[in-house]
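Visitor: From first to last, the protein sequence lines stand for chains W and P.
Per our numbering, numbering of the first sequence is gapless, rising by one per residue and ending at 304.
Per our numbering, numbering of the second sequence is gapless, rising by one per residue and ending at 288.
It cannot be assumed that every hint is accurate.
[Unchecked claim] List time: in silico DSBU-like cross-link candidates among lysine-lysine, alpha-carbon distance up to 35 Å:
{"#": "1", "chain 1": "P", "residue 1": "K54", "chain 2": "P", "residue 2": "K253"}
{"#": "2", "chain 1": "W", "residue 1": "K296", "chain 2": "P", "residue 2": "K60"}
{"#": "3", "chain 1": "W", "residue 1": "K204", "chain 2": "P", "residue 2": "K54"}
{"#": "4", "chain 1": "P", "residue 1": "K198", "chain 2": "P", "residue 2": "K225"}
{"#": "5", "chain 1": "P", "residue 1": "K67", "chain 2": "P", "residue 2": "K139"}
{"#": "6", "chain 1": "P", "residue 1": "K225", "chain 2": "P", "residue 2": "K67"}
{"#": "7", "chain 1": "P", "residue 1": "K181", "chain 2": "W", "residue 2": "K296"}
{"#": "8", "chain 1": "P", "residue 1": "K198", "chain 2": "P", "residue 2": "K67"}
{"#": "9", "chain 1": "P", "residue 1": "K181", "chain 2": "P", "residue 2": "K60"}
{"#": "10", "chain 1": "W", "residue 1": "K67", "chain 2": "P", "residue 2": "K139"}
{"#": "11", "chain 1": "P", "residue 1": "K181", "chain 2": "P", "residue 2": "K67"}
{"#": "12", "chain 1": "W", "residue 1": "K204", "chain 2": "P", "residue 2": "K181"}
{"#": "13", "chain 1": "P", "residue 1": "K60", "chain 2": "P", "residue 2": "K225"}
{"#": "14", "chain 1": "P", "residue 1": "K60", "chain 2": "P", "residue 2": "K253"}
{"#": "15", "chain 1": "P", "residue 1": "K225", "chain 2": "W", "residue 2": "K204"}
{"#": "16", "chain 1": "P", "residue 1": "K198", "chain 2": "P", "residue 2": "K154"}
{"#": "17", "chain 1": "P", "residue 1": "K54", "chain 2": "W", "residue 2": "K296"}
{"#": "18", "chain 1": "P", "residue 1": "K154", "chain 2": "W", "residue 2": "K67"}
{"#": "19", "chain 1": "P", "residue 1": "K198", "chain 2": "P", "residue 2": "K253"}
{"#": "20", "chain 1": "W", "residue 1": "K231", "chain 2": "W", "residue 2": "K269"}
{"#": "21", "chain 1": "P", "residue 1": "K181", "chain 2": "P", "residue 2": "K139"}
{"#": "22", "chain 1": "P", "residue 1": "K225", "chain 2": "P", "residue 2": "K253"}
{"#": "23", "chain 1": "P", "residue 1": "K225", "chain 2": "P", "residue 2": "K181"}
{"#": "24", "chain 1": "P", "residue 1": "K154", "chain 2": "P", "residue 2": "K225"}
{"#": "25", "chain 1": "P", "residue 1": "K181", "chain 2": "P", "residue 2": "K253"}
{"#": "26", "chain 1": "W", "residue 1": "K296", "chain 2": "P", "residue 2": "K67"}
{"#": "27", "chain 1": "W", "residue 1": "K296", "chain 2": "W", "residue 2": "K204"}
It should be emphasised that the hints constitute simulated quantities derived from the structure, not laboratory data.
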Amino acid sequence: MSQVLHTPPPTQVPADDDLAALAARHGLSVSGARPSLPEYVRQLWARRHFITAFATAKLTAQYSQAKLGQVWQVMTPLLNAAVYYFIFGVLLGTKQHVPDYIPFLVTGVFIWTFTQSSIMAGTRAISGNLGLVRALHFPRAALPISFALQQLQQLLFSMGALIVILLCFGVPVAASWLLAIPALILQSTFNTGVSMIMARMGAKTPDIAQLMPFVLRTWMYVSGVMWSIGKLTKKDHLPHIVFVLLENNPAAVYIDLMRFALIDSFHSKQLPPHVWAVAAGWALLAGIGGFIYFWKAEETYGRG
Amino acid sequence: MADNANEQIPTVVADNVDIVYRVNGTGAGRGSATAALNRILRRKQAEQAAGVRKVHAVKKVSFIAYKGEAIGLIGTNGSGKSTLLKAVAGLLPVENGHIYTHGQPSLLGVNAALMNDLTGERNVYLGGLAMGMSREQVKERYQDIVDFSGINEKGDFITLPMRTYSSGMAARLRFSIAAAKDHDVLLIDEALATGDRKFQVRSEERIRELRQHAGTVFLVSHNNKSIRDTCERVLWLERGELRMDGPTEDVLKEYEAFTGDKSDKTAKKTTPKQTPAKPEASKVPLPS
Numbered sequence: 001m002s003q004v005l006h007t008p009p010p011t012q013v014p015a016d017d018d019l020a021a022l023a024a025r026h027g028l029s030v031s032g033a034r035p036s037l038p039e040y041v042r043q044l045w046a047r048r049h050f051i052t053a054f055a056t057a058k059l060t061a062q063y064s065q066a067k068l069g070q071v072w073q074v075m076t077p078l079l080n081a082a083v084y085y086f087i088f089g090v091l092l093g094t095k096q097h098v099p100d101y102i103p104f105l106v107t108g109v110f111i112w113t114f115t116q117s118s119i120m121a122g123t124r125a126i127s128g129n130l131g132l133v134r135a136l137h138f139p140r141a142a143l144p145i146s147f148a149l150q151q152l153q154q155l156l157f158s159m160g161a162l163i164v165i166l167l168c169f170g171v172p173v174a175a176s177w178l179l180a181i182p183a184l185i186l187q188s189t190f191n192t193g194v195s196m197i198m199a200r201m202g203a204k205t206p207d208i209a210q211l212m213p214f215v216l217r218t219w220m221y222v223s224g225v226m227w228s229i230g231k232l233t234k235k236d237h238l239p240h241i242v243f244v245l246l247e248n249n250p251a252a253v254y255i256d257l258m259r260f261a262l263i264d265s266f267h268s269k270q271l272p273p274h275v276w277a278v279a280a281g282w283a284l285l286a287g288i289g290g291f292i293y294f295w296k297a298e299e300t301y302g303r304g
Numbered sequence: 001m002a003d004n005a006n007e008q009i010p011t012v013v014a015d016n017v018d019i020v021y022r023v024n025g026t027g028a029g030r031g032s033a034t035a036a037l038n039r040i041l042r043r044k045q046a047e048q049a050a051g052v053r054k055v056h057a058v059k060k061v062s063f064i065a066y067k068g069e070a071i072g073l074i075g076t077n078g079s080g081k082s083t084l085l086k087a088v089a090g091l092l093p094v095e096n097g098h099i100y101t102h103g104q105p106s107l108l109g110v111n112a113a114l115m116n117d118l119t120g121e122r123n124v125y126l127g128g129l130a131m132g133m134s135r136e137q138v139k140e141r142y143q144d145i146v147d148f149s150g151i152n153e154k155g156d157f158i159t160l161p162m163r164t165y166s167s168g169m170a171a172r173l174r175f176s177i178a179a180a181k182d183h184d185v186l187l188i189d190e191a192l193a194t195g196d197r198k199f200q201v202r203s204e205e206r207i208r209e210l211r212q213h214a215g216t217v218f219l220v221s222h223n224n225k226s227i228r229d230t231c232e233r234v235l236w237l238e239r240g241e242l243r244m245d246g247p248t249e250d251v252l253k254e255y256e257a258f259t260g261d262k263s264d265k266t267a268k269k270t271t272p273k274q275t276p277a278k279p280e281a282s283k284v285p286l287p288s
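Pulled out of the complex, with its shape left as it was, chain W reads as follows (with noise of 0.2 Å):
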């Protein structure tokens, strides 16, 4: 490898020992090195505006080349809920078990595909921004949460257009709509955990990013989206312990339990027990066991 040229003899250089010790006398710290976990949330408060800017940034640029622009913030959603509307209601028939079957399917499209593109943005949030991850300093979770924040911005245009379908279907407005509000910040907290983890092993291994749509598909299918979790009860052939996990599963829950606060035939006893607890918990869990996990290999990302 060292085909040396006609090297001259090296500049007077010190000794190992004397440059640590000069480095340590005038108190020069390691470069990039990973801060401690309450200085990392004091740096990644400081970049709070950054955070949103980014956020909104990325919304806007989406569609700024399309002709309709902006409109499509709304079009995406409601032509992915007419998709499983033509599949699900009219060619399977799902409908006839479960009332404002419409409402019912366009509330758990849209609250999945929060969760599910948060997932998604979250898995390519460092390996697809490697550009700026090699350019700037800031604290790299700034990434995954601009992203989750991003699809919390989506989301909000789509619950817009899911009132318009709500009040179409003659769902009646109700006090219990103020519910969406903590179910939303519960699920954020989720989806931006997950994100984070996601993010660390998607940095690692990119190739997360391939296999992530069949796990989500996955999940999506066994998340009571497009049907009654309730209903499978009423076979009765499925051990209690797989209708117990699939009632708590996170997306579920936080399907549901916006079912529960918008339409007004989705009632509480089609929740599961402590829904609220179950909610909170998910959300503490996945957000700050995502945020120390992610944290953990704050010095990695974007090496090597």
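Let chain W serve as the given structure and place chain P on it in line with the hints.
Guide: This is chain P only, laid out in the frame that chain W set:
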């Protein structure tokens, strides 16, 4: 050395730094499926066999940079200049040795944070925030940044998306955003080559200003003239090794002799970028 340390404050200390890149999917197996599988299954033992190649980009480099210095980094293409700069910025890991720094060195460049689909105006905000400025600071400097870039000299272009800019305009805006912030240790990678002559003069001035505020400036450039104009000390890297470290004139003289001799020596690749630059550079009268 000991005398110096008493009066001068070091800002960057590189202690026997080695930097090694690992590249997947080369050599044996040429990135075929079996090689990839091998790599996943056997990780460390079989790095070589599975086609992971190591590129030793920087070898045992040591130097001390002091406050108030402007240091040029020179060397032929692929000699490890930019790699060393990234390691000083803490963006690349070192294999062996340590790099100690005062504060957080920043690489001059915001390209990656900007989005072509957004207007110049929003990019100024986004770039400023990405560099760690507060919203108020960006607002305060906004007009300066736009004026400095000269984007609005030919009409109201700042409110158009950046993808509509000419490459020169975009480069000028990027430099203006990047140079808007004061840094402790500033690392510049060939940023001076952007824009027309008028803009280059303006940016050299800005670099000098930045240097007064910054503790230390590192400049990577293939333009010997801009190194002469801005730096008083030069590090010469060749094949990842530090060949010379000294006052600008001494090192540049050797370097120009080296790049001039090159055509006689067989094994070395002459990069097209440098050969034409050389005769021009040697014509420049030496400032006394």
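Visitor: The structure should be examined with respect to each hint, and the outcome stated for every one.
Guide: Here's how the hints hold up against the structure:
Using a Cα cut-off of 35 Å, the hinted pair K54(P) and K253(P) holds, with the two alpha carbons roughly 33 Å apart. For the hint pairing K296(W) with K60(P), the CA-to-CA distance comes to about 29 Å; that is within 35 Å, so the pair holds. Proposed proximity of K204(W) and K54(P) is supported: the alpha carbons are some 18 Å apart, at most 35 Å. For the given pair, K198(P) sits about 16 Å from K225(P) by alpha-carbon distance, which is consistent with the 35 Å threshold.
For the suggested pair K67(P) and K139(P), the alpha carbons sit about 30 Å apart, so the restraint of at most 35 Å is met. Between K225(P) and K67(P), the direct Cα distance comes to roughly 23 Å. Compliance with the 35 Å bound is thereby established for this hinted pair. A distance of roughly 30 Å separates the Cα atoms of K181(P) and K296(W); the hinted pair therefore holds under the 35 Å criterion. Pair hint K198(P) plus K67(P) holds up; C-alpha atoms about 30 Å apart against a cutoff of 35 Å.
Between K181(P) and K60(P), the direct Cα distance comes to roughly 32 Å. Compliance with the 35 Å bound is thereby established for this hinted pair. Taking the CA atoms of K67(W) and K139(P), the gap is about 31 Å. The hint holds against a cut of 35 Å. Distance restraint check for K181(P) and K67(P): the Cα-Cα separation of roughly 18 Å lies within the 35 Å cut-off, and the hinted pair is therefore satisfied. In summary, the hint linking K204(W) to K181(P) is supported, as the alpha carbons are separated by about 32 Å, within the 35 Å threshold.
At most 35 Å may separate the alpha-carbon atoms for a hinted pair to count; K60(P) and K225(P) meet this at roughly 28 Å. A threshold of 35 Å between alpha carbons decides the hint, and for K60(P) with K253(P) the separation of about 24 Å falls inside it, so the pair holds. Proposed proximity of K225(P) and K204(W) is contradicted: the alpha carbons are some 42 Å apart, above 35 Å. Under the criterion of a C-alpha separation no larger than 35 Å, the hint pairing K198(P) with K154(P) is consistent with the structure, at around 15 Å.
Using a Cα cut-off of 35 Å, the hinted pair K54(P) and K296(W) holds, with the two alpha carbons roughly 26 Å apart. For the suggested pair K154(P) and K67(W), the alpha carbons sit about 28 Å apart, so the restraint of at most 35 Å is met. Restraint check: the Cα-Cα separation between K198(P) and K253(P) comes to about 28 Å, which is no more than 35 Å; the hinted pair holds. The suggested pairing of K231(W) with K269(W) holds, with an alpha-carbon distance near 12 Å, which does not exceed 35 Å.
At roughly 13 Å between alpha-carbon atoms, K181(P) and K139(P) fall within 35 Å of each other, so this suggested pair holds. With a C-alpha separation of about 12 Å, the suggested pair K225(P) and K253(P) falls inside the 35 Å cut-off, and the hint holds. Proximity of K225(P) to K181(P) is assessed by CA-CA distance (about 25 Å); at most 35 Å being required, the pair is judged to hold. In summary, the hint linking K154(P) to K225(P) is supported, as the alpha carbons are separated by about 30 Å, within the 35 Å threshold.
Proximity of K181(P) to K253(P) is assessed by CA-CA distance (about 34 Å); at most 35 Å being required, the pair is judged to hold. Under the criterion of a C-alpha separation no larger than 35 Å, the hint pairing K296(W) with K67(P) is consistent with the structure, at around 33 Å. Taken as a hint, the K296(W) and K204(W) pair is honoured in the structure, with Cα atoms around 13 Å apart against an allowance of 35 Å.
Against the hints set out earlier in the document, a violation occurs for number 15 only.
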